[in-house]
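2 protein chains.
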Amino acid sequence: MATSGNINPDDLASLRERIDGIDRTIQELIAERAQFAGQVGRAKGKLAAAVDYYRPEREAQVLRRVVDRNDGPLGDEVLVRLFREIMSACLAQQEPLKIGFLGPEGTHSQQAVYKHFGHSIHGLPLGTIDEVFGEVQSGAADFGVVPVENSTQGTIQSTLDMFLSSQVKICGEVELRVHQHLLSRSGRIEDIERVYSHPQSFAQCKAWLRQYLPDAEKIPLASNAEAARRARSADDAAAIAGISAANVYGLKAVAGPIEDRPDNTTRFLVLGRELFPPSGNDRTSLLIFIKDQPGALHHVLAPFARHGLSMNRIESRPGHTGRWQYAFFVDIGGHVEEDAVRAALDELAAFAQEVKVLGSYPVAIT
Amino acid sequence: MATSGNINPDDLASLRERIDGIDRTIQELIAERAQFAGQVGRAKGKLAAAVDYYRPEREAQVLRRVVDRNDGPLGDEVLVRLFREIMSACLAQQEPLKIGFLGPEGTHSQQAVYKHFGHSIHGLPLGTIDEVFGEVQSGAADFGVVPVENSTQGTIQSTLDMFLSSQVKICGEVELRVHQHLLSRSGRIEDIERVYSHPQSFAQCKAWLRQYLPDAEKIPLASNAEAARRARSADDAAAIAGISAANVYGLKAVAGPIEDRPDNTTRFLVLGRELFPPSGNDRTSLLIFIKDQPGALHHVLAPFARHGLSMNRIESRPGHTGRWQYAFFVDIGGHVEEDAVRAALDELAAFAQEVKVLGSYPVAIT
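Residue numbers (full-length UniProt numbering), protein chains in the order written: chain P, 1 to 366; chain F, 1 to 366.
Isolated chain P (complex conformation):
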């Protein structure tokens, strides 16, 4: 039978009683919260569908406060998850949000959906990124979630290009950590003489490899999947790959996560049909069409600097609508309803052929 360490049974009983008391109060408060949330969603005596009163800027504010006042023992990430689930449950009392994502179920996109919206939603797995845009545009989905950037593989161009023609708005971003594992057939570190992986994965796990496998040969390959495939056919080889490759290729996890820094992330965008008000810490994504003329890029960037706006990302793409035209995707700090952003956009209008505001949305929380 299981034991609870060295704790005295009386102490254990009294600890559990206190926990039970806490649970009772938490439950009362959650019910009260759901009632108040219901009042927010009630118009003309009838509770509205979640999409009609979902407010991303408000959720971001709530979660930031959760992080600000957290002083343990639980981590910020765990607490944010718990509060997302509580908000998700309160919001879904009538008709839950319908969220389109790049399926099938079990993908990182689905994880990003749950991370951002909680589990009290209705997920719609779709076959392509195009379809996610389409279902959001048509209203079949209330929101969509698409990957846009991977810290190891860079920008997902097909997502950015959708914005050239689509009218959907960005109303959120989600960052998801992706972990690396060391996988091998035997699962024993002492058998490993060679390690296969993508060069970027080697770079991510450098310190770990130096500490635990200093003498193993490192063999770079085109992908981590290829690495796992090769590790399968040798007793003395291992691969660095995501844990799911262990199952697909019949390998065992030797160790993991083994990346040196916990910042190996994929960034997703939340798509909707409208812009939401500022949350206080926002990002604005712009699509700027300019003529290819000397100094054009400088003219485009200068207004942001002049108004003290940080630029998080710039990506140029060939435009589709004119011969000499180029398009830039630019992410800046701030919200289009804020003065500095508005002023910069006014100045930008003098140089750009067109500026499309793709969205202003809360910066991702944990």
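Treat each hint with caution, since some may be false.
To be verified - With beta-carbon atoms standing in for the labels, derived distance ranges:
(1) P:ALA349 <-> F:ASP76: 54 to 60 Å
(2) F:ARG188 <-> P:ALA225: 35 to 41 Å
(3) F:GLU226 <-> P:GLN137: 30 to 36 Å
To be verified - Selected chain P positions facing chain F (Cβ under 7 Å, derived; list incomplete):
(4) ARG18
(5) GLY21
(6) GLU77
(7) VAL78
No lab work stands behind these hints: they were computed from the structure. Backbone N, C-alpha and C define an ideal beta-carbon position, used for all residues, glycine too.
Mind docking chain F on chain P? Use the hints.
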């Protein structure tokens, strides 16, 4: 811009203030709960790994109380999920539970893992049911989750058969609802003249079909995947299948969930290495080896009836250890530490060649 129905902005601000106050208190209580849980897990001044103080019977009791005192507005299932997550977070403060399951990620088995253990765990996707048993047995996984029964397809024999040779114990069960959707190429119900599906899926969605597609031809096929495959190549056909088939076969969801009763479930077993004490509402799984002689089955069943124990399931399997031997998997109400069960087992010992207690565990909660 989004609006919040007809609500007066002052009322909205005051509602939000009250919600903020509630959130602050919930957060304080969760932190306090985590501290107390930490004290339960602390022996000799050091916080133990989750596996050393995880108590399934205690969790079941906590969750039953949550259900008992719930009087809305949130549903039992949502509240149970929230409290599972809170307990999961409190438990994972040092080293989270490692849970093996039948991968890859995104399967129903993974959903069952999260439903039972919350998200603050370390999931190990494995390639086969054998491996889940093996990793639990060896200690590489703290617990495992395997499917054992589907309300439409019946018992998963390969799981049951593992118990014939394995020493792992059942220490929990999870029930997961599986939903049916109507899928077609166009996604428009007015285009549908034929519906493909497995006969059991037709049976599950009978009332819905009668109401919405009374004139469509119903064509039974061997599987829902085959149904989806066929629906892909016709404009006037639809399939009844799980929503994930929509993505795999490039179909759109016309409607769903469309099953008439919400009891289309898959049952999973939680595997561990030890038995836990009673939770107050438990089930016991037995593997009974008997000689094939007249009246043998009656002798096996009689003690349970005599001691007022309900029998939830009986399944006969050819035994592997003797020529005339048969094995029965039997689930009864109660826990092996309870008098009635103990007495029935004592009586059973007179007739059975061997009785193996596979586990005594809390009945699944919502």
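Checked hints:
Between P:ALA349 and F:ASP76 the C-beta distance comes to about 55 Å, which sits within the given range of 54 to 60 Å. Taking the beta carbon of each, F:ARG188 and P:ALA225 are about 38 Å apart, inside 35 to 41 Å as hinted. For the pair F:GLU226 and P:GLN137, the supplied restraint of 30 to 36 Å holds, since their beta-carbon distance comes to about 32 Å. Of the supplied interface hints, the one on P:ARG18 holds, with its beta-carbon coming within about 6 Å of a beta-carbon of chain F, less than 7 Å.
Hint status for P:GLY21 relative to chain F: violated, with the closest Cβ pair at about 10 Å, above 7 Å. The beta carbon of P:GLU77 comes no nearer than 10 Å to any beta carbon in chain F, farther than 7 Å, and the hint placing it at the interface is violated. The beta carbon of P:VAL78 comes within 5 Å of a beta carbon in chain F, closer than 7 Å, and the hint placing it at the interface holds.
Of the numbered hints given earlier, the model fails hints 5, 6; all others are met.
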